[in-house]
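Engineer: Given next are the chains, with one letter for each unit.
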Amino acid sequence: EADIYQTPRYLVIGTGKKITLECSQTMGHDKMYWYQQDPGMELHLIHYSYGVNSTEKGDLSSESTVSRIRTEHFPLTLESARPSHTSQYLCASSESHTEAFFGQGTRLTVV
Amino acid sequence: EDQVTQSPEALRLQEGESSSLNCSYTVSGLRGLFWYRQDPGKGPEFLFTLYSAGEEKEKERLKATLTKKESFLHITAPKPEDSATYLCAVQSSNYGQNFVFGPGTRLSVLP
Chain A
1 EADIYQTPRY LVIGTGKKIT LECSQTMGHD KMYWYQQDPG MELHLIHYSY
51 GVNSTEKGDL SSESTVSRIR TEHFPLTLES ARPSHTSQYL CASSESHTEA
101 FFGQGTRLTV V
Chain H
1001 EDQVTQSPEA LRLQEGESSS LNCSYTVSGL RGLFWYRQDP GKGPEFLFTL
1051 YSAGEEKEKE RLKATLTKKE SFLHITAPKP EDSATYLCAV QSSNYGQNFV
1101 FGPGTRLSVL P
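First to last, the sequence lines map onto chains A and H. Residue numbers for the first sequence follow the numbering used here, beginning at 1 and rising by one. Residue numbers for the second sequence follow the numbering used here, beginning at 1001 and rising by one.
Please note: incorrect hints may appear among the correct ones.
[Said to hold, decoys possible] Each pair of labels, with its calculated beta carbon distance range: (1) A:60 to H:1029: 35 to 43 Å; (2) A:84 to H:1005: 40 to 48 Å; (3) H:1029 to A:84: 20 to 28 Å; (4) A:40 to H:1017: 17 to 25 Å; (5) H:1005 to A:10: 27 to 35 Å; (6) H:1029 to A:73: 25 to 33 Å.
[What the hints assert, rightly or not] If we take Cβ atoms under 7 Å as the criterion, some of the chain A residues that face chain H in the derived model are: (7) 27; (8) 31; (9) 99; (10) 103.
Simulated from the structure, these hints should not be mistaken for laboratory data. Values in this document were obtained by computation on a predicted structure and should not be read as measured data. Even for Gly, the Cβ is constructed at its ideal location relative to N, Cα and C.
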């Protein structure tokens, strides 16, 4: 069973607020990923990390930022939330050339 | 550029009616093909990894197979609890450690 956790599960926040979505894994995986997924739509990679102090932007342009100070922790931050940021955010981790394990996601609504 | 397509987009089956889902891929240097199940509002749940043509994996009513151009997810005698979106993803030498996901097949199994 995958040990990757995301908090909060649901978040409703006002426009202009700063938010941080938490993601932690206890499997010791080097690779971690953030995906954005709208209801019924595809997963889009927005950030990834191959290890501590390594972060890169993904295919989908995003106004969010990430950090990787510890292997197990990969938080995503939005400095100023907007309604266009409303979506589901999924965190995942993997070892090299093996399957990724996903958290349960954070459903973000910006009003 | 790596591409993954899935068909059909949606599939409705009667309980006990076996069928197959298709995942077609165009990649340079396949490193792995992955099947996931996703329930509404949740993160994808890992099902299978396939690494080379001819490989097969089974789990309960599900069986995944791989050729050089596509993968099939066979569902034998499905039950209503098999209703979900099934996602296919690939890793390739083009794309490093990242995953390219297909759009998914929405499966509904009616009692």
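Engineer: A separate judgement is required for each hint: does it hold in the structure or not?
Structural biologist: Checked hints:
1. A:60 to H:1029: 35 to 43 Å: Because 24 Å falls outside the window, the suggested range is violated.
2. A:84 to H:1005: 40 to 48 Å: Once the Cβ atoms are compared, 28 Å apart, the range 40 to 48 Å for residue 1005 of chain H and residue 84 of chain A is violated.
3. H:1029 to A:84: 20 to 28 Å: Since the Cβ atoms of residue 1029 of chain H and residue 84 of chain A sit about 36 Å apart, the hinted range of 20 to 28 Å is violated.
4. A:40 to H:1017: 17 to 25 Å: For residue 40 of chain A and residue 1017 of chain H the Cβ distance comes to about 24 Å; the hint holds.
5. H:1005 to A:10: 27 to 35 Å: holds (32 Å)
6. H:1029 to A:73: 25 to 33 Å: Distance hint for residue 1029 of chain H, residue 73 of chain A holds at roughly 32 Å.
7. 27: violated (12 Å)
8. 31: With Cβ-Cβ at 5 Å, under 7 Å, it holds.
9. 99: Status holds, d = 5 Å.
10. 103: It holds, given that the least Cβ distance between residue 103 of chain A and chain H is near 5 Å, below 7 Å.
Checked against the numbered hints listed earlier, the structure breaks hints 1, 2, 3, 7; every other hint is satisfied.
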